[in-house]
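> In order, the protein sequences belong to chains A and B.
Residue numbers for the first sequence follow the numbering used here, so the first one is 1 and each next one is one higher.
Residue numbers for the second sequence follow the numbering used here, so the first one is 1001 and each next one is one higher.
Any given hint could turn out to be false.
[As the list claims (entries may be wrong)] With beta-carbon atoms standing in for the labels, derived distance ranges: (1) B:1254 with A:10: 53 to 61 Å; (2) B:1227 with A:2: 51 to 59 Å; (3) A:2 with B:1262: 47 to 55 Å; (4) A:120 with B:1236: 38 to 46 Å; (5) B:1191 with A:114: 26 to 34 Å; (6) B:1072 with A:151: 40 to 48 Å; (7) A:91 with B:1285: 45 to 53 Å; (8) A:82 with B:1144: 52 to 60 Å; (9) B:1161 with A:2: 31 to 39 Å; (10) A:31 with B:1044: 22 to 30 Å.
[Unchecked claim] Below are the SDA-like pairs computed for lysine to any residue, each with C-alpha atoms no more than 25 Å apart in a straight line: (11) B:1043 with A:132; (12) B:1011 with B:1169; (13) B:1043 with A:41; (14) B:1043 with A:19; (15) B:1011 with A:40; (16) B:1043 with A:33.
[Claimed, not checked] With the Cβ distance kept under 10 Å, some of the chain B side facing chain A (calculated, not the full set): (17) 1004; (18) 1039; (19) 1052.
Quick caveat, the hints were computed from the structure, so don't treat them as lab data.
On a predicted model such as this, the values are computed, not experimentally measured, just so you know.
Positions of the beta carbon are idealized from the N, C-alpha and C atoms, including for glycine.
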Amino acid sequence: MQIMVTVNGKEHIREVEPRLLLVHFLRDDLELTGTHWGCDTSNCGVCVVHLDGVPVKSCTVLAVMADGREVRTVEGLAHGPALDPVQEGFIACHGLQCGFCTSGMMMTARWLLDQDPDPSEEDIREALSGQLCRCTGYENIVRSIRWAAEKEAAHEH
Amino acid sequence: MQVPASFQYRKATSVEHALTLLAEYGPESVVVAGGHSLLPMMKLRLAHPEALIDINDLTELAGVRVGRNELVIGAMARHADLLSSAAAGRHLPILHDAERVIADPIVRNRGTVGGSLCQADPSEDLSAVFAALRAELVVRGQDGPRTVAARDFFVGPYQTVLAPGELLVEIRVPLGRSVSAYVKVDRRAGDWAVGAAGAVLTIVDGVVTAAGIGLTALGAPRFVAEEAEDFLTGGPPTESRLVEAGRLAAAHCRPTADQRGPVDYKRHLAGELVTRALRTAAGRA
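Can you build the whole structure from these sequences, using the hints too?
Dropping the structure here:
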């Protein structure tokens, strides 16, 4: 069936099978491979994207369910040439090693900071509790998100 | 790569439309809400519906509201909606206790309350919670609405009283002067329960006038511990009576051994968790 999905502000019209998962639509049909595909069972969180502004695990959403809706992926995080503070934080605090979990972590981080600009370490850990980093770099991921929160707070003053 | 087998897909635009589509596609069609139970089962070929009827656009089934002496939870309310409902947290803390430990925040953004109940997984938390609360489930079919007590909704594992062509539309929870709590033991963050217990108590002048006790993943008939409820009702919520209620609940549930633990361990958990849930609930009075 034909669907129209707005991804990172751009409308895409495609013919898809109903069984196509959103993660594969993004990666294979739109060639937006920044969203990763991991466990396939909504456990690992590497496929997190925003659907109408809310982070979801895109391995457990059908592409047809995104018809007429807005998706934001990691490719839509930067503002033109300027990286999002979350991306800057991951660079500044070494928030990644292999990078496989990073796009999902950053999408959840962006949402968390949009909800709560000053999350505690505990709040950050709870927000990330559905996402796995097998390099076990959680400490630096949490620091990266705090870095982003502080940068945004400083920017606003 | 896990991908579901082929199916037809229709998006419902209203409850009436969903019922029409369910009738049109027949018993091989299934309603999809958040999809976080159904889609994984379809990937594994544990479910193979010929048609999916998507009810995500049905805003009339969304959200949580306070009605006349009741909390009304739309079947499409996301777990995150229930967790962010201040009214739910204030009047029925058992709901927030449970929602905090259901899956993870991202899954809770998508998974729905109604979908969890209709899935009727014996390890799913809300079945026991709504059974403990003596909630009522409103079901719509071609012949109009009917109301089913949460305790009568579940027929067995993955089975409910929903007939083909029927749709769960809302959950109604009485708002009395109850105190409540939910306690769960799981092996890691976001996992299914090894065991869990929910308690709802109405305490008037130091006497328990009504008790609801729900058990998750512990093989309790209808997800409740009726013997323990009967024992507690009419007496004071003293520590020794809460312990005895736990003992009764443990004696009457029928847990099964699996990778989460052997029977004797789960039976021990049943008793301990019931007592803890009762203690926490009574402490909120």
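> Against the structure, test the hints numbered earlier, and report the numbers of the ones violated in rising order.
none
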